[in-house]
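Novice: If you want the building blocks of each chain, they are given just below.
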Amino acid sequence: MATVDMQQVNKVYENGFHAVKDLSLDVGEGEFMVLVGPSGCGKTTALRMVAGLEDITSGTLRIGGKVVNDETPKERDIAMVFQNYALYPHMTVAENIGFALKLRKMPKPDIAAKVKDTAEILGLTEWLDRKPGQLSGGQRQRVAMGRAIVREPSVFLMDEPLSNLDAKLRVQMRAEVQRIQRRINVATIYVTHDQIEAMTMGDRVAVMRSGVLQQVDHPQHLYDRPDNLFVAAFIGSPAMNLYEATMTEDAGAVRIGSQEVPLPVVCRDAHPGLARFGNKKIVVGLRPEHLPAATDGSTGPHLVGNVDLVEALGSELVVHFTIDARRVRAEGASSEDEDATAQHGEGVARVEPSTRVKVGDKITFAVNVAGMQFFDPETERAIWN
Amino acid sequence: MGRRKRTGWHRVINGVNISALLVVLFVGLPLYWLIISSFKTPSAMGDSPPQYWPRPLSGANYSQAFVQYDFGSYFIHSLVVTLCATALVLIFGTMAGYALGRLPMRGKFTLMVTLLMISVFPEIAVIAPLYTLLKDLGWLDSYQGLIIPYTAFFLPFAIWILRNYMLGIPKEMEETSRIDGAGPIRTVWSIILPMALPGVFTAAIFTFTACWTEFLMALTFNINLKTIPVGIATFGTALEVPFGTIFAASVVAVVPIGILVFIFRKFVISGLTSGAVKG
Amino acid sequence: MTTADISGTADQVQATAPLVGRPDVNRKRMARLGWAFSAPALIFVAAVTIFPIVYSVIMSLSNVTVTGSGISLNGFTWSNYSIVLKNSTWHYALGFTIVYTFITVLVELVIGTMIALVLQRLTAGRGAMMALLLIPWSMITVINAELWLYIYNGIYGVADAILNAVGLGHPNILGTNIPAIIGLMIADIWKTTPFVAIIVLAGLVMLPGDIYEAAEVDGSSGWSTFWRITVPLLRPTLALAVIFRVLQAFGLFDLPFVMTNGGPGTATTSLAILGYKALFQNLDFGTGSAVATTTALLVLLGCLVSLRFFRVQVGKEGT
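Respectively, the protein sequence lines represent chains A, B and C.
Quick note on numbering: our numbering labels position 138 of the first sequence as 138, and the sequence is numbered without any gaps.
Quick note on numbering: our numbering labels position 25 of the second sequence as 25, and the sequence is numbered without any gaps.
Quick note on numbering: our numbering labels position 281 of the third sequence as 281, and the sequence is numbered without any gaps.
Don't take every hint at face value.
BS3-like cross-link-like pairs, simulated, lysine-lysine; straight-line CA separation at most 30 Å [stated by the list, open to error]:
1) C:K277 with C:K86
2) C:K28 with B:K171
3) A:K74 with B:K171
4) C:K28 with A:K74
5) A:K105 with B:K135
6) B:K171 with A:K168
7) A:K66 with C:K28
8) C:K277 with B:K135
9) A:K358 with A:K280
10) A:K131 with B:K135
11) B:K135 with B:K266
12) A:K102 with A:K131
13) B:K266 with A:K131
14) A:K108 with A:K131
15) C:K277 with A:K105
16) A:K102 with C:K277
17) B:K171 with A:K102
18) A:K362 with A:K280
19) A:K66 with A:K131
20) A:K116 with B:K171
21) B:K171 with A:K114
22) A:K74 with A:K114
23) B:K108 with C:K28
24) A:K74 with B:K108
If we take Cβ atoms under 10 Å as the criterion, some of the chain B residues that face chain A in the derived model are [stated by the list, open to error]:
25) R55
26) G59
27) E172
28) M173
29) E175
30) T176
31) D180
32) G181
33) I191
34) M195
35) R265
It is worth saying that the hints were derived from the structure and are not from the lab.
Ideal placement from N, C-alpha and C gives every residue a C-beta, glycine not left out.
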């Protein structure tokens, strides 16, 4: 049982590329820590440094309290699952799982027993004599995990292990991975680019961007209190609507485009720092789920938009609308779905399925101000105090 | 590629099959000629017009080849030289192919290009110096006098083939193995090598064929310890060319390698595509 | 609990001392291992190819006398090269080798592609066909030479019998210049075409099928599909194979040596045959080495020229 502790860890490559910048992160015993971020953000590099596959340029890495910067992967007692599983194709499942034990010169019967146990945990018992080529994607993934857990490592590292699976299988395997992790109760670092995966699986989630750690927190806190623009835009699907806006002089309302949305007292109490932004530009964040359609007689701040597209999902309607404000993008936060040309006031809202709305209509949203987020446009940081 | 329905006799007699038959004739007729001629009686070899089928069938050419012309020892010479050279090529070539394919060496690219250039080198360019060197060493008419040059000459192409196969192995193999706790040599032996086995077979076949058929160096260095190509070429005298014996020996020479190539044809073909042809 | 440690603007983290990137310790270890692994092969190859080549060049630039016990080099001279470069046989050999190569490779390419196209459409027996095609490739060239020698023989050769049957009498194929060259080419083509066919077939098989379906829908006929789609896609595959074949052809020796001994006269004397005769029949190591070296230089030139065209393809996988 061990913890992982990174202090000011940096990785600079030979060609000068600074992949990981001053990363300080700790993972507790048995904790499931997810590293998430867009490609190139340094999450895989960070993982590989913990594994010992990349040298650490500066900073300290401790596993179980011991400084391990200069230790080989074997000495660190870590196990890793790769994105492509990297199973030995010429060995059977049993041989794959037992290879590391064989290298440690464990007696054969002991190896067989451990392999058998591991296979049972993973539901692989009937496949022990098959070769990887005869297995399905999900089974191969489990063999990869089996190979990792049979060694009872101190740390468990996973590099996007579910990326190669189809959507349905991925959801299944998410639960599997969590179940196994809880069972072996080992500090785990899991890398993914999929924020949904991060949110559903992690005890804590660390968001990275361009080599810098943005925020590390419990998933719900990341959702409720993003520290900066990037985290706000990255976490949550569909993504948060971010608009350029101006605070009124008395900081009592926020002007988004031509509309003025008054901020109730509770909101201003929750974000006292807004007072400093009277008459200044800020960025407003509204999650799609915080824009329900206004019903007759609803009081409170409203926002009106022109409907561009309505997607009926059955459980809800996803309404794509436009307002006359400028949308703000956090570089790297959006997925491929989001159009690079979206500079206009497009937004997305999730409303009740019974809402009567069609393309071309004007729709009024009852803004849920409790969920509103505010950001300083220059520092990109959230405005709280 | 039209997809017309093929029914009835169209299934058998159509443009493709006729062309295929022509191809079979193109390749097969000279081979047929070679094989049946070897079974003609020595005197029937000189018939004009020639016998299109041996009457009578005779094994005289074969006994002549082995008894009179000592073809058996040529066969053994070729076998020894070829097997030794192929073994050396595979051992050194696999190691080099692994290094040049998967290890972070500077100047890999230059090395590969140089090796490629050496593999098309004309033997004539080195034959004279090698001759004098071997003469000084007293290695003319020896096994090693051919094995060593063959190994050196056929290594570049084998390295090329092996390296290409090695490149196809996923990068994570070494890392996984390292995490499992294996050292680099153990990794190569237990993980990489088994995965590269098809490539090894391909290189083996190519090298075997190259050694078996090599002529110029064998002719120059081994006047007495003849290999098959030299032996067959020197059957008889300037006045009398014993074709019968030559063909009998040829059939014996072609059959084993023909069988080997047939068994390993998958490797030959994949070697031609990924090895020689692609970059 | 948040641990946001980012400074105000975007993502620039100013380190107090600039960090320098070094190659990983493990990387360096692996590089050393790589050299250790390649060393035996590289030493072998260098010893048997590079040094002899250098020595060959030296010989070509010296007065060489061959005695019973060995050869001795007496002084520097250009005379070997001036003799060779003025020699009409050498001119002939150079031209012959080039033209011979050009024609045989071209014919092999054409027939080989045709065979490959047939094979591609073959539904049953493709495996057996390919096995059959490999046999000429695996044959010893000497054997091939003897076979065609027998076929071309003026008295009992089957080619002779066929020619006689169509009323062309008993021509001495290998005794007359042009027929001898053609006879040589036919033997070479017969042996090598199947090999080319397999390479082309392998290339064809790798082509994506949906392009052809799209072409069919667009109304492209077989011929135009071939020229506009198949050929351009096959080009990289073929080009490298052709380059290899052409460069290797400069060493043409086995076939003409056994079939015609370079004759009649010097009609089928290739550069390698010329070199061999100069070296081991005339025992003139000086001019022989000059022939050998010039041949090597030509091959080198060819390599460098083709390299320029293939830098991209080879380089991508190399580094």
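Novice: Please name the hints from earlier in the document that this structure breaks, with their numbers sorted from lowest to highest.
Specialist: As far as the earlier hints go, 5, 9, 10, 11, 15, 16, 19, 25, 26, 35 are violated by this structure, in ascending order.
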